[in-house]
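Student: As you go down the protein sequences, you meet chains G and H in turn.
Mapped onto the working numbering, the consecutive letters of the first sequence carry residue numbers 641 to 960.
Mapped onto the working numbering, the consecutive letters of the second sequence carry residue numbers 641 to 960.
A hint or two may mislead.
The list cannot tell twin chains apart, which means a pair is met if one copy fits it or any two copies do.
Restricting the straight-line Cα-Cα distance to at most 25 Å, the calculated cross-link-like pairs of lysine-lysine (PhoX-like) are [claimed, not checked]:
1) Lys773 <-> Lys646
2) Lys848 <-> Lys684
3) Lys839 <-> Lys775
4) Lys839 <-> Lys951
5) Lys663 <-> Lys735
6) Lys663 <-> Lys848
7) Lys753 <-> Lys951
8) Lys839 <-> Lys646
9) Lys956 <-> Lys684
10) Lys735 <-> Lys775
11) Lys753 <-> Lys956
12) Lys775 <-> Lys663
13) Lys684 <-> Lys646
14) Lys802 <-> Lys956
Don't read these hints as lab results, they were simulated from the structure.
Every value quoted in this text rests on a predicted model; they were computed, and no experiment measured them.
There are 2 protein chains.
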Amino acid sequence: MADLPKSIEIREEGPREGFQIEKEFIPTARKIELINALGKTGLKHIQIVSFVDPRRVPNAADADEVVAGMTTQPGVHYTGLWLNDKGFERAVATKRLHINGGLNLSASDAFIKRNQNRSIAEQLASLPASLEKYKAQNVEIDGGLLSAAFGCNYEGDVSAAKVVDLVGKMVDVARNGGVPFKRLTLADTMGWATPLSIKRTVGAVQDKFPDLDIVLHLHDTRGMGIANAYAGLEMGVRRYDAAVAGLGGCPFAGHKGAAGNVCTEDLVFMCDEMGIETGLDLNALIECANLAEEIVGHPLPGAVMKGGSLKLLREKLQAA
Amino acid sequence: MADLPKSIEIREEGPREGFQIEKEFIPTARKIELINALGKTGLKHIQIVSFVDPRRVPNAADADEVVAGMTTQPGVHYTGLWLNDKGFERAVATKRLHINGGLNLSASDAFIKRNQNRSIAEQLASLPASLEKYKAQNVEIDGGLLSAAFGCNYEGDVSAAKVVDLVGKMVDVARNGGVPFKRLTLADTMGWATPLSIKRTVGAVQDKFPDLDIVLHLHDTRGMGIANAYAGLEMGVRRYDAAVAGLGGCPFAGHKGAAGNVCTEDLVFMCDEMGIETGLDLNALIECANLAEEIVGHPLPGAVMKGGSLKLLREKLQAA
Numbered sequence: 641m642a643d644l645p646k647s648i649e650i651r652e653e654g655p656r657e658g659f660q661i662e663k664e665f666i667p668t669a670r671k672i673e674l675i676n677a678l679g680k681t682g683l684k685h686i687q688i689v690s691f692v693d694p695r696r697v698p699n700a701a702d703a704d705e706v707v708a709g710m711t712t713q714p715g716v717h718y719t720g721l722w723l724n725d726k727g728f729e730r731a732v733a734t735k736r737l738h739i740n741g742g743l744n745l746s747a748s749d750a751f752i753k754r755n756q757n758r759s760i761a762e763q764l765a766s767l768p769a770s771l772e773k774y775k776a777q778n779v780e781i782d783g784g785l786l787s788a789a790f791g792c793n794y795e796g797d798v799s800a801a802k803v804v805d806l807v808g809k810m811v812d813v814a815r816n817g818g819v820p821f822k823r824l825t826l827a828d829t830m831g832w833a834t835p836l837s838i839k840r841t842v843g844a845v846q847d848k849f850p851d852l853d854i855v856l857h858l859h860d861t862r863g864m865g866i867a868n869a870y871a872g873l874e875m876g877v878r879r880y881d882a883a884v885a886g887l888g889g890c891p892f893a894g895h896k897g898a899a900g901n902v903c904t905e906d907l908v909f910m911c912d913e914m915g916i917e918t919g920l921d922l923n924a925l926i927e928c929a930n931l932a933e934e935i936v937g938h939p940l941p942g943a944v945m946k947g948g949s950l951k952l953l954r955e956k957l958q959a960a
Numbered sequence: 641m642a643d644l645p646k647s648i649e650i651r652e653e654g655p656r657e658g659f660q661i662e663k664e665f666i667p668t669a670r671k672i673e674l675i676n677a678l679g680k681t682g683l684k685h686i687q688i689v690s691f692v693d694p695r696r697v698p699n700a701a702d703a704d705e706v707v708a709g710m711t712t713q714p715g716v717h718y719t720g721l722w723l724n725d726k727g728f729e730r731a732v733a734t735k736r737l738h739i740n741g742g743l744n745l746s747a748s749d750a751f752i753k754r755n756q757n758r759s760i761a762e763q764l765a766s767l768p769a770s771l772e773k774y775k776a777q778n779v780e781i782d783g784g785l786l787s788a789a790f791g792c793n794y795e796g797d798v799s800a801a802k803v804v805d806l807v808g809k810m811v812d813v814a815r816n817g818g819v820p821f822k823r824l825t826l827a828d829t830m831g832w833a834t835p836l837s838i839k840r841t842v843g844a845v846q847d848k849f850p851d852l853d854i855v856l857h858l859h860d861t862r863g864m865g866i867a868n869a870y871a872g873l874e875m876g877v878r879r880y881d882a883a884v885a886g887l888g889g890c891p892f893a894g895h896k897g898a899a900g901n902v903c904t905e906d907l908v909f910m911c912d913e914m915g916i917e918t919g920l921d922l923n924a925l926i927e928c929a930n931l932a933e934e935i936v937g938h939p940l941p942g943a944v945m946k947g948g949s950l951k952l953l954r955e956k957l958q959a960a
């Protein structure tokens, strides 16, 4: 039987991923309500807003107000997402966010073109300047993210070899810039991964870069999210992005239907039941999931929020 | 990397599992419509009806009419479920069903009490008589099913050791009765399994009974269905029960929320993408899933029916 990790870290992306895809504007106070509730579940990293053009992502319009209005919890990193200098400057100006200057790239030309209006080569060429800017502002840089790392709705399959090649280029940028590249997020942005491709691609990256700390960012678009996370666990991956209630989806990914991230509380349930520590309170997360569903006003895909936790059921059975 | 099977067989249970849990009566013609559509997807086994008391399961009231009205496809086994002699006799009397006389047991006293109003010991004691009755009628017997094999909402966890013990007792009944016990269905009736408990319990059964052909019957109550199927694939399990669109749930299992079987087309998608043959037409299954959703009149949990097949997307990308 595969050796599963003793503990993992889950980084919550529900508020950012979840609200950005909603068409109706969600009131600022309600966004803050969910963020404040998530801060009390044991999560150490919560990505809460996108500093992007509100003409493209209407629910990002109040990002600054959301950050100003939330109640922070000690020891929790609250983060934001940006795609350009202006967004980065807005994030820094809030003075309440943990700013991490990742080197971000996509494995799909077609996707990065739609998402950021440039090619892989153009994005790669821009990374040294980003890095110098981060260094000049004393922003921490410790790695990066590769989007569409398992396939792209606009381009098709992405091979493990292509991923290894692009990761090598990101590592080179970091090395040439004199900063560490310790952490790599492999993002299945459009839900193309299966447990087998997770194992192949993660395995290929681990073989070539054995010291890299891999993060999996998984979408449940085609129902593979939890199975893919399990495959990651079997490969020893110890960090996962997830979204409470399975909120989310990328507004530029061209999905129809359910497109959210792997569901935080379903992932925590699997880990709890398999003896893998997450440091998170499953019942508190289920309450957050119910709150998220109430806020967006439509059913969300999380399963444990409907099926119920087994811990609670066991306690009830023991008391009876 | 684990050695996955080259091919698997999926047994469809959507019509039986899916309709029995609906409160509103579904017109006979619509039940038949779904069964007829499923018959054209490549499925070789479709469980279509329950011959049970319609006062307890109102949608089972028209079981005989459904069987009489469907259009059978050559080479497809249509089956029904029964819990007592009367149900068995009704199934035989249709003359259109494949009758397989399984030796069925539950790993939970509390569950079998609610479901069939008897204890494990009473059920076990009744098996030799069932077997003799099947033999007297020349009904094929080749194994059995153990329900609640991974846990029970009314009793709690079920250990691999208990499963191995009960399987041994079922094997003994078969041996004493002079019939083969070749096939064992392990049913996660109430969605308690995780990939780890699948591996533990399947592994323990395989160690003790290496020649048994294991079937996994998985429910997605807590979002683990596909991950559990993947764990089964890694253990070499080659047969899975599933339900189109994730239809279903046991009316006596005490679920709230989503309770359906692992979703047929999501499982087929995973297998297709990992190079495991199912013999099934994913696009035809997605059409059946959409039909099922229309028939029950509420959203069903299947993901690929919403996220779309990658085969179609690849064809579109190649044509562009």
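Student: For each hint, tell me whether it holds in the structure or not.
Tutor: Structure-based check of each hint:
no. : hint              : result
1   : Lys773 <-> Lys646 : neither (38 Å within a copy, 51 Å between copies)
2   : Lys848 <-> Lys684 : neither (29 Å within a copy, 44 Å between copies)
3   : Lys839 <-> Lys775 : neither (34 Å within a copy, 48 Å between copies)
4   : Lys839 <-> Lys951 : between (30 Å within a copy, 21 Å between copies)
5   : Lys663 <-> Lys735 : neither (29 Å within a copy, 54 Å between copies)
6   : Lys663 <-> Lys848 : neither (42 Å within a copy, 56 Å between copies)
7   : Lys753 <-> Lys951 : between (46 Å within a copy, 23 Å between copies)
8   : Lys839 <-> Lys646 : both (19 Å within a copy, 18 Å between copies)
9   : Lys956 <-> Lys684 : neither (30 Å within a copy, 42 Å between copies)
10  : Lys735 <-> Lys775 : within (17 Å within a copy, 78 Å between copies)
11  : Lys753 <-> Lys956 : between (53 Å within a copy, 19 Å between copies)
12  : Lys775 <-> Lys663 : neither (37 Å within a copy, 63 Å between copies)
13  : Lys684 <-> Lys646 : within (18 Å within a copy, 42 Å between copies)
14  : Lys802 <-> Lys956 : between (51 Å within a copy, 22 Å between copies)
The structure is inconsistent with the numbered hints 1, 2, 3, 5, 6, 9 and 12, although it conforms to all the rest.
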